[in-house]
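Listed here are the chains, written in short residue letters.
There are 2 protein chains.
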Amino acid sequence: MAKKEKNKMVEAITSMDEDFAKWYTDICLKAELIGYTSVKGCMVIRPYGYAIWERIQADLDARFKALGHENVCMPMFIPESLLNKEKDHVEGFAPEVAWVTHGGAEKLEERLCVRPTSETLFCEHYSNIIHSYRDLPKLYNQWVNVVRWEKTTRPFLRSREFLWQEGHTIHETAEEAIAETEQMLNVYADFCEQSLAMPVVKGQKTESDKFAGAEATYAIEALMHDGKALQAGTSHYFGDGFAKAFDITFTNRENKQQYPHQTSWGVTTRLIGAIIMTHGDDNGLALPPAVAPIQVVIVPIAFHKEGVLEKANEIYDELKANGIRVKLDDSDNSPGWKYAEYEMRGVPVRIEIGPRDLENNVCVIATRHNHEKETASLENLTSQVNSKLKEVHDGLYERALKNREKKTYQCKSMDEITKALEENGDGFVEAMWCGDEVCEDKVKEITGVGSRCIPFEQKHIDGKCVCCGKEAKCMVLWGKAY
Amino acid sequence: MAKKEKNKMVEAITSMDEDFAKWYTDICLKAELIGYTSVKGCMVIRPYGYAIWERIQADLDARFKALGHENVCMPMFIPESLLNKEKDHVEGFAPEVAWVTHGGAEKLEERLCVRPTSETLFCEHYSNIIHSYRDLPKLYNQWVNVVRWEKTTRPFLRSREFLWQEGHTIHETAEEAIAETEQMLNVYADFCEQSLAMPVVKGQKTESDKFAGAEATYAIEALMHDGKALQAGTSHYFGDGFAKAFDITFTNRENKQQYPHQTSWGVTTRLIGAIIMTHGDDNGLALPPAVAPIQVVIVPIAFHKEGVLEKANEIYDELKANGIRVKLDDSDNSPGWKYAEYEMRGVPVRIEIGPRDLENNVCVIATRHNHEKETASLENLTSQVNSKLKEVHDGLYERALKNREKKTYQCKSMDEITKALEENGDGFVEAMWCGDEVCEDKVKEITGVGSRCIPFEQKHIDGKCVCCGKEAKCMVLWGKAY
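These protein sequences, in sequence, are chains A and B.
Taking numbering that gives the first Met the number 0, I'd label the letters of the first sequence as residues 0 to 481.
Taking numbering that gives the first Met the number 0, I'd label the letters of the second sequence as residues 0 to 481.
Worth flagging that the hints you see were computed from the coordinates, not collected in a lab.
You can take every hint at face value.
DSBU-like cross-link-like pairs, simulated, lysine-lysine; straight-line CA separation at most 30 Å:
id : chain 1 : residue 1 : chain 2 : residue 2
1  : A       : K29       : B       : K84
2  : B       : K39       : A       : K84
3  : A       : K227      : A       : K21
4  : B       : K441      : B       : K411
5  : A       : K86       : B       : K39
6  : B       : K310      : A       : K64
7  : A       : K137      : A       : K243
8  : A       : K84       : B       : K106
9  : A       : K443      : A       : K21
Between the sequences and the hints, there should be enough to build the whole structure, so can you do that?
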């Protein structure tokens with residue numbers, strides 16, 4: 000390929016090492032994932048970006064439904080009085096909601112907030128429809144937009160409006176609700192690993208970091224290429240706190256009135272940001288095959304020559320018929336331009352086919368993530384391509400895992416934390432904690448890393464709290480958060 | 000089945016003839032399609048209702064994508080200054096939008112409306128991304144929620160928030176844009192007939208009834224069971240009016256700056272209301288098989304008897320494996336209760352299987368729409384069930400078409416209109432029109448029926464306008480609208 004052309008394309012992206020934040024924004028714009036709008040803090044999700052979200056939705060939705068969940072749709076407005084019903088919840092969310100005060104020319108009697116999350120509406124609905132243990136559990140989910148009035152915004156990572164799913168379930172017993180909370184965290188973790196090729200750490204949030212109104216918040220945490228941590232999904236156990244605030248009761252098996260137990264869990268379009276920052280490189284995006292809108296691009300070489308375009312079309316038809324998302328680019332742009340373009344867009348596999356390949360009944364298969372090329376026979380192409388897609392997935396996962404391992408530091412003192420970060424750059428810190436919020440705050444203040452979660456898989460780094468030296472209760476995963 | 004039980008269920012629904020509006024609301028609530036909320040004019044779409052919407056979405060989305068359309072997602076907020084850019088458009092929508100004035104505790108510098116429709120945002124985006132004829136056409140669509148601050152609301156038919164898809168396309172030439180407008184109207188009509196079993200009339204709206212900012216609005220009109228008309232989908236041709244207002248230009252093939260031509264088109268959750276009012280009866284909902292969340296319910300009879308439940312499960316497995324959406328109800332409720340319950344929910348086909356059936360290797364297949372039952376062999380059950388589902392679809396369509404034909408009146412004078420409506424009840428009126436808005440208004444004022452559309456398929460009823468007697472320009476379809 001013409002090196003000059005490639006450089007010409009690529010020089011438009013800032014290098015990761017030079018300015019990671021700018022590199023990120025460059026990819027969002029140049030890979031045509033988003034567009035800016037005149038609505039501050041809100042973005043257009045463009046077709047290529049939205050197609051990734053559609054894959055994420057379809058994949059997760061099937062996992063939810065297989066476990067018996069049903070989709071619903073609640074209103075997007077919440078009356079102020081309803082938001083105010085659960086004390087912790089309103090304190091957590093009121094400062095960051097958008098308020099609707101007028102309908103047409105008329106001032107509303109009561110102002111409405113645009114949902115920042117929908118616990119209150121689900122609770123109101125549950126209080127209407129749940130009467131007996133026979134009505135339980137309800138395993139509901141919705142795919143909707145929500146709004147949080149953030150001061151500083153970034154595409155996908157933190158925008159005033161974003162898309163998400165929010166599961167809301169309600170159960171007879173605490174045990175059942177806790178099991179649901181854990182189950183859904185596992186669904187998220189499996190999805191991240193199996194479909195996004197992104198390793199995650201499962202754990203519980205500390206008290207200070209819980210969801211507003213929850214008894215316990217579980218989360219999956221991923222490490223981005225730059226060593227910063229990203230919370231990729233959360234699952235909350237509410238106990239019966241919301242039920243009490245919203246007066247949801249049911250007649251139990253002993254014919255007594257009882258409060259049910261609830262959960263909620265969600266992931267957002269933020270996952271697209273996670274994909275970019277986990278797998279991308281200086282050539283652009285690198286997409287995991289499971290969510291790539293285009294899995295294979297076919298670039299015909301010298302396709303005015305006899306037979307080339309015909310063969311390219313044959314390959315296209317074969318792959319398409321076998322369920323592979325394939326694109327044939329027979330535009331007038333040069334092959335070099337096309338290589339750079341589809342690398343920027345993160346297409347996992349590229350097939351090149353030219354006149355000489357035809358003679359030998361072969362083509363060239365290139366993989367995006369490692370820039371490797373090999374010659375492949377045109378026989379049995381579908382199974383070869385499927386193997387390549389699997390190879391890309393595994394390669395992306397391995398690389399992300401290695402990055403995380405390289406950037407995870409086990410530390411026994413504050414000095415060790417500071418030193419590890421200084422010497423190796425940002426990353427996860429594994430260090431012991433006594434359970435005191437004062438120490439949690441102090442670690443962040445002094446070293447810059449905050450508690451991400453208390454991992455389910457505990458390691459014994461030391462017997463003492465990294466901060467105060469008192470007896471340690473658990474190992475905490477610390478990091479700088481997106 | 001126990002007649003008494005059935006009556007007990009059914010007496011909860013108001014009869015159609017007694018009070019059609021109440022019958023409608025009863026079905027929405029008792030078939031568990033919706034729930035009320037404390038947000039005035041907004042509803043919960045419950046799992047059974049949302050599952051119908053998911054089928055509608057999947058079906059239409061596949062039709063859109065097959066024609067090259069791509070999904071995107073625009074912000075839900077529109078700054079007031081952006082809404083104000085196209086004069087007719089803002090006049091049409093400003094009186095019925097919800098205004099966000101505060102983010103958290105802070106008053107916004109400029110208030111934002113919650114989108115009532117998204118022409119303005121698409122135009123802003125198009126002005127950013129379209130430069131050359133090579134960038135055209137863009138065939139975008141989005142599946143989102145919108146808000147219109149209606150005074151009087153009814154579930155699905157008119158709610159302050161509703162779900163819809165809005166297609167927005169932009170083209171080099173007027174011809175191409177007009178062809179798109181017509182194509183999408185045909186997609187809607189085909190979908191209504193093929194998937195909703197609902198016949199529709201395709202036509203053009205009169206000048207007074209156009210979308211705010213459009214050059215031409217096309218619509219599909221359906222006749223409900225009570226003889227009222229329901230606009231089931233619209234497709235608008237904008238010419239270059241929005242392009243001029245939003246300064247969208249491109250370099251054409253002659254290397255000159257030019258304005259592109261635009262369209263938009265949409266259908267909403269209102270279609271669920273149309274299904275209810277087209278096919279429902281005094282026993283409840285009757286769902287077209289293509290969008291029914293449950294296509295077949297299996298009710299085992301006396302299933303404590305040996306072999307019954309096993310066979311019911313076998314049938315379930317067979318139908319499920321063949322892609323039929325099937326439910327086996329082995330709950331403790333009586334068969335009679337179950338019959339009434341799934342009739343209420345509109346499940347197209349019911350299979351009953353009891354001990355005597357087992358002996359004869361048969362089951363009973365009942366169809367919801369005509370309450371017919373027949374005995375069927377257990378051999379080849381899938382293909383028999385598929386035939387039944389087709390029969391239900393065709394039966395629903397034929398019945399709806401007959402209802403429309405019976406309630407379509409050709410009239411040559413105002414008196415004939417009044418008489419036809421008085422004698423036969425509400426319905427479509429086919430009558431000639433001179434094209435003058437004064438006559439259009441007068442027909443409505445005097446007879447109560449407004450212009451629904453100018454059907455593409457014109458009939459010659461008379462040479463003169465039904466109102467003023469002057470030379471007629473076209474036949475108009477008139478009706479009372481939902």
